[in-house]
Structures are given as C-alpha cells and as structure tokens.
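Visitor: Sequential numbering from 9 applies to the sequence shown in my numbering.
If you're looking for bench data, these hints aren't it; they were derived computationally from the structure.
Since the model is a prediction, treat every value here as computed from it, not as a measurement.
Ideal placement from N, C-alpha and C gives every residue a C-beta, glycine not left out.
Where hints are given, some of them may not hold.
What the hints assert, rightly or not - Pairwise CB distance ranges (calculated):
#1 370 with 350: 15 to 23 Å
#2 57 with 505: 49 to 57 Å
#3 366 with 505: 39 to 47 Å
#4 154 with 499: 31 to 39 Å
#5 421 with 494: 40 to 48 Å
#6 19 with 510: 48 to 56 Å
#7 110 with 57: 17 to 25 Å
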Amino acid sequence: MGLISSDSLLNKKYNEQDCLLAVRGQRIPKALGEEITQLCVVRGIRYHPGFATELRGLLPKFTRALNARDIMSDKIPEMSDPDEFPYCIWYPETAKEETYRALARRYPQMKYLVGRACAVAGYVNLFRELDLLPEAHIAEEARESKQFKIYEAIMAADLRYNAMDDYTRTVFPKPVPGYLNADTAVRSYLDLKTKFRKPPPSPYDSDTDEDEDDLFAHFTALRDRSLFDITEDDRIDEFTSEPPPLHEDDVTHLLYTPLPADLPTMNKDLLILMAAYYGNIERYARLRRPGRWVKCEVSCVVRGIYHNSMFAKWWSLLPGQLAPDIERAIYARFIMNNDLSRIMPETKNLPYCIWYPSFPHVATCKELLRRVPVMKPAVARVCILRDYSDLWDVLDADPDVNLMNDARESPNPKYLRDLEARISERGCRDFGNDGKYWILPRKLMFEHTSTDVYENVWDNPNVDFDSGVPYNGRFASMAHIELSVCVSDELKKIAIEQTKEIGGPFRVNEYYDSSVEEDRHYTQST
9 MGLISSDSLL NKKYNEQDCL LAVRGQRIPK ALGEEITQLC VVRGIRYHPG FATELRGLLP
69 KFTRALNARD IMSDKIPEMS DPDEFPYCIW YPETAKEETY RALARRYPQM KYLVGRACAV
129 AGYVNLFREL DLLPEAHIAE EARESKQFKI YEAIMAADLR YNAMDDYTRT VFPKPVPGYL
189 NADTAVRSYL DLKTKFRKPP PSPYDSDTDE DEDDLFAHFT ALRDRSLFDI TEDDRIDEFT
249 SEPPPLHEDD VTHLLYTPLP ADLPTMNKDL LILMAAYYGN IERYARLRRP GRWVKCEVSC
309 VVRGIYHNSM FAKWWSLLPG QLAPDIERAI YARFIMNNDL SRIMPETKNL PYCIWYPSFP
369 HVATCKELLR RVPVMKPAVA RVCILRDYSD LWDVLDADPD VNLMNDARES PNPKYLRDLE
429 ARISERGCRD FGNDGKYWIL PRKLMFEHTS TDVYENVWDN PNVDFDSGVP YNGRFASMAH
489 IELSVCVSDE LKKIAIEQTK EIGGPFRVNE YYDSSVEEDR HYTQST
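Sequences are here, hints too, so could you generate the full structure?
Guide: This is the structure we're talking about:
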C-alpha cells in the first residue's frame with residue numbers, strides 16, 4: 009500500500025485541483041473518500057502508466073484499474089482474488105496480440121474479455137485460436153470497430169450467446185443464449201467524456217427542513233451518470249465532449265415493425281421509452297437496461313401501467329423494491345380495475361389519480377375508503393367526476409382546491425354547494441407544489457396530439473411534459489414521436505428541408521394553413 013493510508017478514504021473533502029491533477033496522472037489526492045475523486049484517480053491510472061501504483065490494495069477499483077493498465081502496457085499482473093480482475097482491458101488502448109494470448113493462457117476465465125479486445129484491435133488470428141462461442145458483445149464491438157472478419161464469423165452462427173454483462177461488469181461462468189441487443193459499451197461510447205464537477209451537498213445534510221428548491225438545486229447539480237461504466241471511471245475527464253453527430257441511418261421503422269433478432273448499431277433509448285409508454289411487455293422486457301433508467305423512462309413506465317393492465321401485472325410480479333411512482337401506478341391501475349387485494353391499511357405509496365383512463369366502481373370506492381381512509385381526497389374526486397352522488401353524501405369530504413375546481417365544472421350543483429358550505433369551518437386545502445396532486449380539469453382530461461414533425465426522431469427521444477394527464481405528478485406524452493412516424497415520406501422530406509432552412513420543428517398546422525391559403529388565392533385568381 010506504500011505511503012497511502014486507508015485513513016485517506018475517510019476524508020471526503022473535495023479539491024478541484026487535486027481532481028484535475030489526478031485526471032492528468034500527476035498527483036494522488038490526499039482525500040480519497042469522495043466518489044468523484046476516486047473516479048478521477050481511476051481515470052488517471054488508466055491513461056497514465058506508472059501513476060498511483062501505491063494505491064494497489066487500497067480499494068478494489070484502484071487495484072483493477074492498475075491491473076488493466078498493466079495489461080494494456082503489455083505486462084501480465086499477478087491476480088488471485090476475483091475483485092482484482094479488471095473487466096475492460098482494451099481502453100484507452102489495446103495491448104499487443106501476444107500479451108492477450110499470454111493473458112488468456114494464464115487466466116482462462118478472461119478469455120471472452122480477451123476475445124473482445126481482439127474485436128477492438130483486429131487480432132483475427134488470436135480470436136480464432138480462442139475458440140469462443142459466438143458472443144453478442146464481441147460481435148457488436150467488432151461491428152463498431154469495423155473488424156468485419158470477426159463480426160461475420162460470429163454472425164454466421166445459428167445461435168449467439170452472452171458471456172458478459174456491461175451493466176454489471178460481469179463475466180458469466182457459463183455463457184447463455186443471447187442476441188445483439190445494443191447492450192454493449194463500444195469503444196466510441198467510451199470516447200464521449202463528461203467533465204468532473206464538485207458533488208452537490210445533500211439537501212438532507214442541512215440543519216433546516218429541506219424544501220422543493222433544495223431538492224431541485226441538488227439534482228440539477230448532479231452529473232449525468234453513464235449507462236455503462238466498464239472502465240470504472242464513469243467516462244470522467246477534464247472536459248465534456250461535443251455531442252456525437254446525428255445518425256444518418258433511419259431506423260424509425262423499428263418502432264412499428266417486429267424487432268429483428270439482432271439489433272443494428274443504434275441508441276435504443278427511444279425504443280425503450282416507446283415500449284414503456286405503450287406498456288409493451290415483450291419489447292420492454294427485452295430492451296430495458298436492468299438497473300439503469302433512461303431519462304424519462306419512469307414517466308413512460310407509469311403511463312404504460314395506467315393504460316395497460318397486463319403491463320401493471322407484469323411489473324407487480326418483478327422481484328425487488330419498485331420505485332414509489334411505479335408502485336403508485338400499479339395500485340392505481342388495479343383500483344380502477346376494481347381489485348383491492350394489494351391495498352391494506354399499512355400500504356405505502358398510495359396513488360391519488362384513480363380516475364383516468366377509467367373509473368373504479370362505486371363499491372370499490374367504498375371498500376377502498378374503509379381500508380385506507382387517507383384515500384378520501386382521491387375517492388371524493390372520483391365521486392364528482394363520475395357523479396357518485398350517494399357515496400358523496402356519506403363521504404363528508406373536506407374541501408380542497410382540486411375538488412373545488414371539479415365541483416365548479418360538474419353539471420351537478422350539489423358538490424359545489426356542499427364544499428362551499430364547509431369552507432368556513434374547515435378551510436380549503438391547497439396542495440401547493442406537491443406534484444402528486446397535480447390535476448387537469450375535466451375538459452382537458454385526454455391525451456393531446458402534436459403538430460410538430462421532427463427531422464430525426466431517433467436523436468430526439470424526448471418525452472413531452474407539457475401535455476397529457478398527470479399520473480400522480482408524472483407527465484408523459486409521445487404525441488410528437490407518433491406524428492413524426494405517421495407522416496408520409498413526401499411530407500417528411502418537406503419537413504426536413506424546412507427545418508434545415510429555418511430551424512426548429514416543422515409544424516403541420518402551419519403547413520395545412522398555408523395550403524388552405526394557397527387554394528383560396530388560386531380559387532380567387534381563377
């Protein structure tokens with residue numbers, strides 16, 4: 009361990025200059041307790057031979073980084089403990105072919121990782137010598153690196169396998185059947201860097217009660233973490249890379265045709281979001297990244313659960329703890345299906361929105377209220393929207409701003425009359441900024457369409473948060489994607505030309521209006 013004490017791991021003081029010098033491989037920080045500092049050190053080790061060798065044994069991630077660096081520098085390290093074996097041994101550079109050959113002989117458990125290094129470096133002879141099963145990650149790496157001899161050798165097989173997992177940096181003792189599924193952190197992905205930044209203080213560390221502003225400031229200051237971290241440095245650098253160029257290949261057809269057994273080279277984020285949005289179990293189960301959320305994925309999952317009972321059932325059977333928003337959506341969908349088997353007095357993460365896209369039966373509402381009286385505000389809203397007048401009479405609901413708005417729009421005047429009569433004694437609850445209680449008035453309670461056509465939906469996997477129904481505070485609309493996919497090739501060509509000329513999205517309403525105006529002028533002139 010040299011001169012570095014384990015006490016340095018207890019020191020979480022952040023120093024920007026120390027991190028910068030660590031990234032450059034020039035100095036080991038004295039304080040190594042902060043995660044971002046450790047990432048900077050690992051980055052420095054991988055890029056700078058000889059840096060931080062005294063950290064060997066201090067943390068497993070440091071040891072693995074040093075061993076990876078040795079391999080890439082054509083040295084075979086001594087490794088015995090499983091925690092000492094690195095996963096990525098081909099980035100930022102590859103070793104000589106003979107080094108990888110010797111590594112595979114000495115550590116047979118690394119032969120699939122060596123095979124992947126061959127796909128990056130183009131070591132065709134060694135790849136053949138390894139006699140591996142046709143492995144999907146190696147195929148995707150070879151395709152991305154244009155090592156087509158290796159790629160074609162794998163794709164010629166009738167069946168492909170997964171021998172590794174880039175999300176967990178795991179090599180399987182026994183490969184399992186698989187396919188090319190865009191689950192590989194290819195070399196070009198690793199080249200996209202993000203600048204290290206000071207970690208924000210936790211809002212919960214404050215002596216005062218946290219509020220919405222504290223939470224917002226905390227989360228906006230966080231770095232976007234990588235979907236893959238096969239190098240264990242989270243692609244840290246002293247700069248942030250320019251975004252990659254837009255894809256020229258249009259793979260939009262994958263949104264409305266059966267998925268091929270093997271996916272092409274692509275970013276599958278949009279496929280994941282759309283599968284979640286529609287609650288398509290088969291697609292989503294295949295495409296999702298276990299333990300990793302695409303931006304806005306939870307909102308799409310919530311929407312899918314609300315609109316697809318089978319998706320809700322599938323989620324309810326998954327092992328492990330679910331995200332609170334997903335749990336609320338599952339409960340809501342089952343309540344609207346008139347199933348209360350999961351609702352008990354001790355149930356947490358209860359939903360508020362239990363009236364869209366369908367209503368529970370009045371008997372369900374009565375039993376729900378008996379089991380969990382705290383659901384009264386939600387049941388009261390159902391009563392107004394569905395006009396469950398008899399239940400309303402015994403409910404004795406307390407006024408709140410949402411109920412008041414609903415009552416004003418209701419054709420039955422009794423709801424507003426009853427609420428107004430109670431305000432003087434009970435007041436009117438205002439939910440403030442609590443997003444779980446956001447609602448839309450009855451007249452807007454539907455899924456809105458879009459008039460924006462995007463040039464390349466594949467590079468715009470954005471979820472619209474400005475329209476649609478809030479599901480316990482979660483908005484999700486993909487209407488702009490649906491329109492962009494539905495328009496004809498002719499109109500899409502016009503949209504692309506106009507977008508390049510004036511910028512911004514092409515709007516079909518403006519296009520239709522201009523067509524009507526042209527027809528009017530033509531009619532007048534003739």
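Visitor: The structure should be examined with respect to each hint, and the outcome stated for every one.
Guide: Evaluated hints:
Taken as a hint, the range 15 to 23 Å holds for the pair residue 370 and residue 350, whose Cβ atoms sit roughly 20 Å apart. Look at residue 57 against residue 505: about 52 Å separates their beta carbons, and that is inside 49 to 57 Å. Checked against the given bound of 39 to 47 Å, the beta carbons of residue 366 and residue 505, roughly 43 Å apart, stay inside it. Between residue 154 and residue 499 the beta carbon distance is about 36 Å. The supplied range of 31 to 39 Å therefore holds.
In this structure, residue 421 and residue 494 meet the distance hint of 40 to 48 Å, their C-beta atoms being roughly 43 Å apart. Range check, residue 19 to residue 510: about 55 Å between beta-carbon atoms, so the 48 to 56 Å window is met. Here the CB-CB span from residue 110 to residue 57 is close to 18 Å, well matched to the stated 17 to 25 Å.
Checked against the numbered hints listed earlier, the structure breaks none of them; every hint is satisfied.
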